[in-house]
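Chains as they are written, first to last, in my numbering: chain A, 1 to 307; chain B, 1 to 307.
Everything labelled a hint here was simulated from the structure, so no lab data went into it.
All values reported here derive from a predicted model rather than from experimental measurement.
Be careful, since some hints might not be right.
No copy is singled out in the list; a pair is fine if it fits within one copy or between any two copies.
As a list, the in silico EDC-like pairs of lysine to aspartate or glutamate whose alpha-carbon atoms are at most 16 Å apart [what the hints assert, rightly or not]: (1) Lys-252 - Asp-121; (2) Lys-252 - Glu-202; (3) Lys-252 - Asp-205; (4) Lys-296 - Asp-264; (5) Lys-252 - Glu-120; (6) Lys-104 - Asp-132; (7) Lys-48 - Asp-265; (8) Lys-296 - Asp-213; (9) Lys-252 - Asp-8; (10) Lys-252 - Glu-287; (11) Lys-252 - Asp-200.
Protein chains: 2
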Amino acid sequence: MTLASWADGSARAAIVEFVEAVTSGADAVPEAERVAVFDNDGTLWTEKPMPTQLHFIVQQWAAAAQADPSLADRQPYQAAANGDFAWLGGAVDKHYAGDDSDLKVMIGAILASTAHESVEDYQASVAAFYRDAKHLTLHHPYSRAVYQPMVELLGYLEAHDFTTYIVSGGDRDFMRPMTEDYYGIPPERVVGSAVGLEYDAESNDVRYSTSFDYMDDGPMKPVRIWSRIGRRPILAGGNSNGDVEMLRFVQKHPRSLSLLVHHDDDTGRGDPPYDKGAERALDVASEHGFQLISIKDDWSRVFPAGP
Amino acid sequence: MTLASWADGSARAAIVEFVEAVTSGADAVPEAERVAVFDNDGTLWTEKPMPTQLHFIVQQWAAAAQADPSLADRQPYQAAANGDFAWLGGAVDKHYAGDDSDLKVMIGAILASTAHESVEDYQASVAAFYRDAKHLTLHHPYSRAVYQPMVELLGYLEAHDFTTYIVSGGDRDFMRPMTEDYYGIPPERVVGSAVGLEYDAESNDVRYSTSFDYMDDGPMKPVRIWSRIGRRPILAGGNSNGDVEMLRFVQKHPRSLSLLVHHDDDTGRGDPPYDKGAERALDVASEHGFQLISIKDDWSRVFPAGP
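Here chain A stands alone, though its shape is the one from the complex (with noise of 0.2 Å):
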């Protein structure tokens, strides 16, 4: 696997000095510390015009909301089955400004959605909304709204016997069954928040309870990668406010490397340019030494070419 798809720039330049650097010589760090954990959104693919997860669930209220009438003048489903995604929207903004009503009522519905599924029937959905649904503005199939350098990244990693993972803000049963497809990462590796679980012995099956459990974001991501993986990673790469921590986490390594990506590509071939969620990690990028991946300058390609 190689970087095809990355700029001859500085990023490119920083990632193979490193990965060369601590994978020769006799000081090479040995391959079970080679770790390397990965946002996803915004960082391994797209999250415009709005987290994958967010259409997945928008699909399923408006089907609850025409199974049961009596759910369609009720928010979450009523702006779902108008495709008021206006509400939707407001409801996250209303959160940034202190205003968790809404917020409230959506994350009571996301719990309602799953109440008492059982995890595999909960795969299966998923796996179904995977193979049919088309990316809102690309249409064409979610496989191809990954970022290629991303996936390119990660082969040239796991070439040089690194172990990938995945550490996300989202809900990691919702990612566990694209993950091997899109990016070659297994579900054992696949890091997110969750939905507590309960074990139903009549009928042997492990199922969604009805609370939260926790969000992986922010400082739960070294949390979770040391309750996850029992290692400091090597490598770390983000997007967002939610990541600096993970990114700061492996810099306590010796030998460490801490990689931003930075939506700043107004050419038109992926997202428009956007900073909203990521002001403090750029803040703080130049103080702790992140390495910025600059999309415009750093990546040849957004998106991986047409079938």
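Since the structure of chain A is already known, use the hints to place chain B on it.
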């Protein structure tokens, strides 16, 4: 790796038959699905005369009482300092009789012993214990308190492209420093009970909190398996009541094997026989088709040969 320490009996035959069936021919189980999970205490190594972690903790408490004389007349420090294992064992017996008062004192002291410690400092102190400690009755290092036939089984499974995990009621981070050396199982494949974790931004470390997170036992084992692995394993091994749900969980896979180690060996080669804590597991073994491993009849050797 051969199964050299297994007698030519029904357990060995069942294991070989199962592994050959799922790894050969057109209907072989794909390598990625060949996941095997094992309890630790009493399954992969001895838990007599006490679980290894209790040995470690008692040493820590005795050291704490020596460093801080105000602890010396408080339990459990007093019992630890005086080598009063009757009090410690009594706390567990009272728990089984429905009285958790002394056990809560012990758990409080366990949490106090790691409160605010970084995970890497704890890792170093546990590694030092494994380096220096001698098993209390075998009088050699804990590396030789493992069950040789089970170590061979782990190797046999790995040689057939299984991925092996530990799923134990023991503390995850107390096991991780030894599992690679003793079993060939790296830290990311160790699932166990856990103290809460917090990220400390100032020191850039993950540290233990003052609260217990979860006990990985009984119905929690399938939950933790899903959370950590994201697949239903096809082989499970255990020895006690707390393993029943895990042994059952694998059975919904179309092809599975559930192994129950039975401590029935009165030959003096290993632990004295005991069924305590395994009553329910032994009761339901036949009904659920668990393959019993009789230590007396199925193992030709219990512990590894000396160095």
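Quiz item: Okay, which hints does this one fail, numbers in order?
Solution: Going through the list in order, the structure violates hints 6, 8 and 9 and respects the others.
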